[in-house]
Every structure is written in structure tokens, then in C-alpha cells.
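Protein sequence lines correspond, in order, to chains C and P. Anchor point for the first sequence: position 182 equals 182 in our numbering, and the numbering is continuous, going up by one each time. Heads up, our numbering is the position in the second sequence plus 1000, with the first residue counted as 1.
Hints were generated in silico from the structure; no laboratory data involved. A few of these clues could be false.
As the list claims (entries may be wrong) - List of simulated lysine-lysine pairs, DSSO-like, C-alpha gap at most 30 Å:
{"#": "1", "chain 1": "P", "residue 1": "Lys1144", "chain 2": "C", "residue 2": "Lys249"}
{"#": "2", "chain 1": "C", "residue 1": "Lys289", "chain 2": "P", "residue 2": "Lys1053"}
{"#": "3", "chain 1": "P", "residue 1": "Lys1160", "chain 2": "C", "residue 2": "Lys410"}
{"#": "4", "chain 1": "C", "residue 1": "Lys190", "chain 2": "C", "residue 2": "Lys162"}
{"#": "5", "chain 1": "P", "residue 1": "Lys1160", "chain 2": "C", "residue 2": "Lys297"}
{"#": "6", "chain 1": "C", "residue 1": "Lys419", "chain 2": "C", "residue 2": "Lys312"}
{"#": "7", "chain 1": "C", "residue 1": "Lys59", "chain 2": "C", "residue 2": "Lys127"}
{"#": "8", "chain 1": "C", "residue 1": "Lys73", "chain 2": "C", "residue 2": "Lys339"}
{"#": "9", "chain 1": "C", "residue 1": "Lys359", "chain 2": "C", "residue 2": "Lys297"}
{"#": "10", "chain 1": "P", "residue 1": "Lys1144", "chain 2": "C", "residue 2": "Lys190"}
{"#": "11", "chain 1": "P", "residue 1": "Lys1053", "chain 2": "C", "residue 2": "Lys187"}
{"#": "12", "chain 1": "P", "residue 1": "Lys1144", "chain 2": "C", "residue 2": "Lys419"}
{"#": "13", "chain 1": "P", "residue 1": "Lys1160", "chain 2": "C", "residue 2": "Lys190"}
Source: prediction; values computed, not measured.
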Amino acid sequence: MARFDRRSFLKLSGSGALAATGGMAGILASGRAPAYAQATSLHWLRWADFVPASDQLLKGEIVAECEKALGMKLTIETINANDIQARITSSVQSGSGPDIVCALNNWAQLYGESLADVTDVAEELGKAQGGFYETSKVVANDGRRWIAVPWSIVGLQIAYRKSWFEEVGYSGGKFPETWDALREAGKKLKAMGRPVGQTLGHTFGDAPAFTYPYLWSWGAKEVDADGKSVLLNSRETLESVKFMVGFWKDALDEGGLAWDDSSNNRAFLSGTCCATNNGASIYIEALRKPDAYQTEKGTPLKGDILHAPLPKGPGGQFSFHVPFSNMLMGYSKNQKGAKEFLRWISSKPVFDKWFTTQKGFSVGPTTDWEKHKLWNDDPIMLPYRSAARTGRFAGYAGPSGRKAAEVLTKYILTDMYAKAVQGMPPEDAVKWAHAELIKIYGA
Amino acid sequence: MAISYAVRERAYAGVPRRGPVTRLLEDERWLGALLLLPTAFLLALFIAYPFVKGVLLSVTDARVGVPGTFVGLQNFIALAHDSIFREAVWNTFLYTAVTTVFKLALGLWLALLLNRHFPGKALTRAFVLLPFIIPTVLSTFAWKWMFDPTFSVINWTLYKLAIIDSRINWLGDPQLAMISIIIVNVWRGVPFYAISLLAGLQTISPELQEAAAIDGARPWQRF
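Make a model of the complete structure from these sequences and hints.
Next comes the structure, spelled out in C-alpha cells:
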């Protein structure tokens, strides 16, 4: 056996390391990553859809069709919605990443400088399909140009148990129309162990979709129409906070402070809450598995679910829906191809396929999709058809720009209600939120 | 005599000629420095560079995608006035202090118990380490479910035992939420403290304990 001493071992490993360094140096010297990506490929980053069938369609049929129609290899990546902002930030800072990112809410406004101008694509789309909803427009347009192409809107309505509300006096499938009425009904139901469910936690969908229209329904608003003066600390806001504190204790599930976007779905489907503001995912899930989800009487739950808009307040009735828009990243090396893709994917025949798999969970960004035939399939889904028409967005009454996006991302309004519910005097909670807004709006 | 000659000749014949590079590598100081180089490079790249970059960024007003200008300590002054920041810092101090005290106390107690002789000693010591070895993601998911506002198994158990009659809001109530995460962290950290302290305890010679016992020292005095 040959002697294998320390000297020979070091020689061996040293030469191996040298070879590796040489190879590494070669790659670094060329100044580029090894060429794996081709110019005719496109990387689209989206959220993991709450309707899995749609993601399956995109990753299967749509990818194949894109190759045929546009000659581009499409890669679709789906991640948890809460992680999208982190990916956008790291991609922008490093200058490489997905070519198109499907952003939620008004996140696009936060990254305006890093996005390509898509005015041509967006204007075409709006004209061809009956005009955009207000919600879609304000989040994708920064006042001077379009920074994203609106994709869809997820409508939110209150899903409620028809039979339980009948027991407290709302026969024929009716739902309380004012906050006072809901508080009364909720009080009776909570006493039966069936409270109303609403989250006041830091979650991107359900929390703002409740707190913002709730605030507006009392006649309050964040800023003035000029977008400069903060008007949050007002009598109307204080009234809304005081009511919320009582409403919470009387009628709502107090665990809601720790709920995320899926908690209310689970609570409703397991029969522990009587009503909750949500997208259509609860009803769609009950349809998918009629045997798994049953009422306490043994009948399928899908027969006991109805939808209604949020109740009216002294200031009116409003709603908040979650818009989705496709941002074309400025660092993308495939600008022309990406624009072609955006035109193609939002066109009637292609979007129709995706829209159908959503079964009404999403509406289109334009009014034309209200005429689609799928709305005739299920009357229970009808409230979602035109829900987007009454939507306002964050930053009302000012533009829904970067400052509004910051307020939304920091959950300031949601925290205002959460703090009050947890014991902070309403006046202090409102003052705190007002101060936070001033820090952001600078006025 | 003939044998020693043969050995000496073999020794001379087997030694290769040593060049300057080999001589350098033979010197332990140089070799040591060379072997440390890859680690030093990795540390510099993944720890030192981000840290320095972070400090440099903190004195500018840069935003995502927008390079900023130097603004001195403005960001830090703004943070000092920010109530959310102050609350987060206070929470961190409270959390760290309480968990460390509990982990130390419980870890020491566990170490003292494990230091004795009893049947199954080795198995118990290995078992005790489980909370620390289980991947954090898994244990966090399990605890999150146990504290779930609607489906908490702890609430369910206490309810069935008729100890409570309404749900405990583990994660929704501010004080309970802090207590919940302290519990989880202590659960995870006690084995690590216990095993480390046990290693130290094991180095104390048992003869010292016996001598002290013979001299009449009580358990606390012995400790």
C-alpha cells in the first residue's frame, strides 16, 4: 500500500481546489452568468391562487398555447402572496428576476420608478373591453402613466348562514342592512356560540377589505382630495372606533385578532362563525366537497350559504376589493416580448379560459366580464358579479399612490381598530393612527 | 548493525526533493493561514459585506430601486420617535430576558437531575434533546396549531376537563401572545441549556461530591 501522508493529501486537495478556482475564475471573468436563459423566454411571478384549478390551467394549457401563439417559453412561478413584496424588492435591488410580476392591491405604486411604461397595452385593453373599474385604474396608474396592466379583481362579500340568520328574525335569506342591525343579530348569535367572524390581524386581504369600507361607511376618510392633508382624526372616525369596540365584544369572535386570511374560511366551514367578509372561496370550497362540509343538521353546507354586501353606516355603503395587476419590471431584458404577452394573456379568448376556472372568485378588470355567461350558472354567486362597481381604494379621498400603499402595507387603519378593541381608549387609538399617517403623508 | 544501515539508506532513498512551495506549505503558520482563507472569504462575503452595506444604507434615504443621498443620522432619529419601533425593541428585550432566565433555571435543574445514575440514563438524555433537534419549521407549525384561535387543542383539553368555559385567546391577547411565544422558545431552548450545563457538571469529579457528603454538607451546600 502506498504511503498516503499529510503531504500527499495536501497536494491532492490543493490541486483540486486550484482547478475549481480556475473554473470559477473563468465564469467570473466572462462577466455573465452561464447562459441558461434564452431571449424568448418569459418568467411570470404570481400568488398561489386560492382557486387551485386556475393555477393548473395557467401552468398547463396556457404555457403550451403561449409557445404556439407567441413562440415564447413561459415560466409561471407561484408563491405565497405575503412573500411577493419581498421578491419584488430583492429583484429590483439586484436587477434580475421575474419579467412580469402580478402585484396585489396598490403595491405597484411603491415601485413606480422600477416599472416599465405600459400605457399602450393598458389603454388598448380598457377601450376593447368596456372600460376599467375605478379600483383597477387607481392602483395601476400613477396619474401620469400606466405602471401596470390590470389583471383582475377579487370581490369580497359577506358569506353568511341563511338558516342561522332566519332563527334571529331574518327570514327569506335576508341579511342585516346596517351596522346596528348586524350588531343586534350578532349579539343573539354569539350567545348561541355562533359569533360573526372578522380578522383584525396583519393579513393583506381580509383585514383591509373590512376596515377600510367600515371607516368609509361612517363618513370618515384618510386624506383630503388633494392627497396632502390628513383628515383621519375626525368625529366620524372616533364614532366608528367606539362602535367597533362594542361591536367586537357583543357580536364578534374575539380570537379574530390572531386570524390570517385562511382562518375565517376554516372557522366558517367548520360551523364556528355565522358570517364573515370574504372572497367567494368559502362557497367554492363548499361546492368542491359537499360531503366534507355539512351543516349541524347533516345537509350540505353549500345549500345554507348566501352572500350580501357589507352593511350601511351613517356615511353610506362601501366595499373594498383586492385588485391584481401585472407589472412589467424595468430590469427585464425582454420588454417587447413581455408587452406582446400582456396583450395576449389579457385578450378576450385567453382571459376567458382563466376567468371560467375562477368560477366567479375573480371578476375581470373591465366591465365587459359582467356579461359573461358563467354568472347565469349559480344565483348564489350573483352578488359578486357587480361587486367591483362600488369599490373604492386605499388612500381615499386622495389618489391611491405610494403613500396610500405605505399606509396599507403598514396596516395602520387595521391596527387603529385592533388597539381600540384590545383596550386602548378610542381617542388615543385615533390620535395614534393620525400621527402615523402624518409621518407618511408629511402634512 | 546491518539492519540499521538498511533502515537509514531506505530513509534517504524515500525522501523526495522539497521545492520552495512545499517548504512554505510545510511551515505551520503559512499552511494554517492558507487553510483558513476559504472560511474567511465566506464570512467576509456573507456576513461582513452585508453588514457594512447595511450600515452604509442606513445613513442614506435610499428606497427600493432608488439610490439615495447621504442624510446622516436622520433615519435613526426618526426611528427613536417611532412608537412602533420602541414597542418592538421593548418586546425584544422582555422576550430575551424572560426566556433566558427560564431556560437557564430549567436547564440547570434538568442538568442536575440528569447528572445522577439511573436506569435508561443514556436514552433519557438523548430524548430530552428532541425539542432542540426537531426542525424549527415543524415545531412552529405544531405549536401554532396548538394555540390556534378556533381549533386549539390546549383549549379543547381544558374545556373537556371543565377547567375553562370559553376559549383562551392565546395569540390574540397581547399579554397571552407574549407568554405563548415565550413558552415555545423555552420549550425549544431548555434541552440545549441542559445538555451544555450537564457537560460542565460531568467534569466535576464525583470524589469531590462524596468528600463533601462525608464532611456533612447538605445538598444545597454541595451545589
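Going down the list of hints, with the structure as the test:
1. For a cut-off of 30 Å, the pair hint linking Lys1144/P to Lys249/C stands: about 24 Å separates their Cα positions.
2. For the suggested pair Lys289/C and Lys1053/P, the alpha carbons sit about 52 Å apart, so the restraint of at most 30 Å is broken.
3. In summary, the hint linking Lys1160/P to Lys410/C is not supported, as the alpha carbons are separated by about 40 Å, beyond the 30 Å threshold.
4. Restraint check for Lys190/C and Lys162/C: satisfied, since their Cα atoms lie roughly 15 Å apart, inside the 30 Å limit.
5. Proximity of Lys1160/P to Lys297/C is assessed by CA-CA distance (about 23 Å); at most 30 Å being required, the pair is judged to hold.
6. Our distance criterion of 30 Å between C-alpha atoms is met by Lys419/C and Lys312/C, whose separation comes to about 24 Å.
7. Distance check on the hinted pair: Lys59/C and Lys127/C sit about 29 Å apart at the alpha-carbon level, within 30 Å; holds.
8. Distance hint between Lys73/C and Lys339/C is fulfilled; the C-alpha atoms sit about 14 Å from each other, no more than 30 Å.
9. Between Lys359/C and Lys297/C the CA atoms are separated by roughly 27 Å; this keeps the pair inside 30 Å, and the hint holds.
10. With a C-alpha separation of about 25 Å, the suggested pairing of Lys1144/P with Lys190/C holds against the 30 Å cut-off.
11. Proximity of Lys1053/P to Lys187/C is assessed by CA-CA distance (about 55 Å); at most 30 Å being required, the pair is judged violated.
12. A C-alpha spacing of about 22 Å is found between Lys1144/P and Lys419/C, which places the hinted pair at or below 30 Å, so the restraint holds.
13. Taking the CA atoms of Lys1160/P and Lys190/C, the gap is about 20 Å. The hint holds against a cut of 30 Å.
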